[in-house]
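Residue numbers (our numbering), protein chains in the order written: chain A, 12 to 388; chain B, 2 to 478.
A couple of the hints might just be wrong.
[Stated by the list, open to error] Which bits of chain B does chain A cover? Going by a derived footprint, with three or more residues having C-beta under 8 Å, they are: (1) 8-22; (2) 38-52; (3) 399-405.
[As the list claims (entries may be wrong)] If you only want the chain A side, here are some residues facing chain B, beta carbon under 8 Å, derived: (4) 25; (5) 36; (6) 43.
In short, the hints are calculated from the structure, not lab data. Here a beta-carbon is modelled for each residue, glycine too, at the ideal position from N, C-alpha and C.
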Amino acid sequence: MDRRPDLRVRAVLTLRTLLAQLGKTLLVMAACHAVLVGVSLWLFPPTRDVDALDRSALYRGAFERAVFGALESGFGDGRQLVVIGSSNALLGFRPSEIEALLPDVRVHNLSTASMRMDEIRQMVQLVWDVMPAAQRKRTTFVVTLIFASFPPPKSLYVRREAGVAHEIRRSGAFVELDGDLVPRWTGPPLTAALLLRRPLALAEVVADELSSLGWGVQEFLSAAFRKRVFDPSLLAQRRPDDVLLFPRADTPHGKLASLAFFRAALAGEGDGLGRAQFDELARLRRWAEANGVDLVLVGMPVPGWVRDGLPYFAEYERELRRVLDDPGDGPGARFVDLASADLPMWDATHPEPGGTSAWAARLIEALRDARAQDSPQ
Amino acid sequence: MQFVSVEFLAFVALSLGAFHLAPSLSARRTVLLASNVVFAAFLASSPRMMVPMALFLAGSFFLVRLVRARRERGVLALVLVTTIGTFVVMKQYVPTSLFPTWQEPYSVIGLSYVLFRVLHLAIDGHEGALAEPVSARAFVNYCCFFPAWLSGPIQRYEDHARQEEAMARVELSARDVHAALSRIVTGVFKIGVLSGVLFELHGQLAGIRLEPAQPPHFALTLATAAALYTLYMYYNFAGYMDVALGVAALYGFRLPENFDRPFSSGNMLEFWNRWHITLSAWFRTYLFNPLLRALTARWGSARRGPYLGVLAYLITFTVMGLWHGSTPIFFVYGLILGVTVSGNKLYEIEARRLLGKDAFRALRANPLYAALCRGSVFACFSAALVCFWATPRVRRAVLDDPLLTAGSYVGLTLLASVVLALASWLRTRWESTTPRLHHALQGAVARQIALGVRAYVVVLLVVLRWTAVPTFVYVPF
């Protein structure tokens, strides 16, 4: 038989206990979060500018580094250059080296490895979206172009999920609408969200450092399982800060191997590059024109043996010219071509590690030349 | 609706609030019923998909009432055949063209465990163990109790009914709520972090690196992949049980435990008293015991008696394997379980006979022997679980080279022996050398802070991983 008054009393007491316990738990969790926010600000204060290779920064993921790191830098009041491209831009255009040549300009390098043109476009638009309006007028976007950013639909580069797409989904701060990345919030809510998600980034730093320490164990296990080599000396290795993706290509054999990689990874079925990624470049130009974005497209250095050795390179140049020569609704972007520039190369696309200052100097020279051509006489 | 999801949290919060605010026992029963129905609705993408399940429940309810009212063996047989037969057809264990079937897609999630509960009610009703007829509401609340719907634990009806009766007197203390929340946090950690990481590691190893053409490499990778899968299965399943028990506790229900440190078992018989405990208990009560009685009645003697138990184990565990699925691989799985358990029993019988009881007891107390036994249990179970994840190519390689497979098994046994012995030693050291810490953590404030910190770390890790939390490994069953 129900004894209602007794049941009601028990219910009230139980609910009060439940809510009290939940409340206390949430309070402790909030306190933990606040402490971690503080620790993250103390260990990793917001950086002045973003170097995507900077391992002392809070954000370790390529996308987070690019967008959240740039956001936290506050963009500043002066002129800035935002470099977005693939691994050759990541390694070749070091912010400190460029800033040494342009003292009044801040440089953010938001490039990541293996960016396709559609991802590059999304990143440019995304950074533009989260940037304060006042800062947009003082920003030049430098987008680097390389044949590897224009893979055909069936190629390996398109079939696998790109790192940037994965990170965008993980961040939770952006949604994809009609191929564009749109921030969920802007302004103060975005700033608050950025602050509150710092503990996540801090946890990733811990994971990243542990991974770095465990690099030796990974190498040892990989050698044991894959190559059946038992080498305890591998255990002591630490992950190098600047991991070059490809072996050096300065011998005939190295060059052949490099060409074989790009043929396999990009050309795939051998049908050519197709137009899809070139249309993304055209879309970027149209968007830049429509929004008044100061956009510079940089054709990245390509050695002669690559031009001659890749079957689709002629198609790449032809399609690039087609997009760039299309008058459209306006120029949309300036184009500087470093494809034939004589710069120190490591392999088919990447700079020689000790030669990046030459890359920086060549880029600045080309940018100044392009600006001089545009300036009224 | 996954247990580790915002939707489930919101659902439990609303249900819990409504439950404790309900003004009477009858109202609480109704809130529980509504919660179970809502949870069921989330298991399928449309309500129509749950119609066959609803019809199964309705039909089973009628049959349970019938068998209690008419306690003839023929009626029981009819009820059992009808219920099990319908289950077999719904799970498509037989070609569906032989029977009239539902033409649209339908959900069978949790059906296996509903079946266990229905059979338990039918058999106990026939034997007069149910004091009163089961009402429709009580039947649904028992069979479809949402924390235990997906994969148990399988609670006995009388236990559930008694606790349901006591719902009017539920009053949770701070310690009760703390224990429940702590259990839920532990479960989320096991599911969202541990099982996720183990699943990924296993996937990398089994998917890419398991190459039968490279024998020593294959043996090592097979053993490692098997071990990782076993651990993934344990943390996934045990984690879901932790969440289920913790959530049930917030309603004032104490569900039976389903895991009790299974990898500390010294033999396969003990293992099945520690792994999926309620399933083992169900099979022991409703299959093994009656089967053994029947075998003993038919062929029993003082000499044959123990060996009939061996046979009963073999049959029981083979059937348990078949319950998981109808394909040949599940028969193999059940056979491996049956052979290992019955083999273990046979070994114990013969060892006692040859060594004598005292000597055998002394042998079992030997630390090295005990460690090897624990390792062997782990390796046995891991070997059985290979059926669930190995591709046809890997299975062929395992069968084509028994020596290699045996080597892999021995290696896993030795490795597991060392690791489990180390884990046991560490646990003992921790428990014996930190009494002051344990004592300090007994205070209310300390416990609250510890829970909050644990919950925060778990949430951070789950969000950080941001991979799809592995689905409950037992959902397909």
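For each hint, the structure was consulted:
Interface restraint, the region 8-22 of chain B with chain A: holds (4 residues with C-beta to C-beta distance below 8 Å; minimum three). Under a criterion of three residues with beta carbons nearer than 8 Å to beta carbons of chain A, the stated coverage of the region 38-52 of chain B fails, only 0 such residues being counted. Here's how the region 399-405 of chain B fares: 0 of its residues keep a CB closer than 8 Å to some CB of chain A, so the rule of at least three is not met and the hint is violated. At about 5 Å, the closest approach between the beta carbon of residue 25 of chain A and any beta carbon in chain B falls short of 8 Å, and the interface hint on this residue holds.
With 8 Å as the threshold, the beta carbon of residue 36 of chain A comes within range of chain B, its nearest partner Cβ sitting at about 5 Å, so the hint holds. Against a cut-off of 8 Å between C-beta atoms, the interface hint on residue 43 of chain A holds, since the closest Cβ of chain B lies about 4 Å away.
The earlier numbered hints that this structure contradicts are 2, 3.
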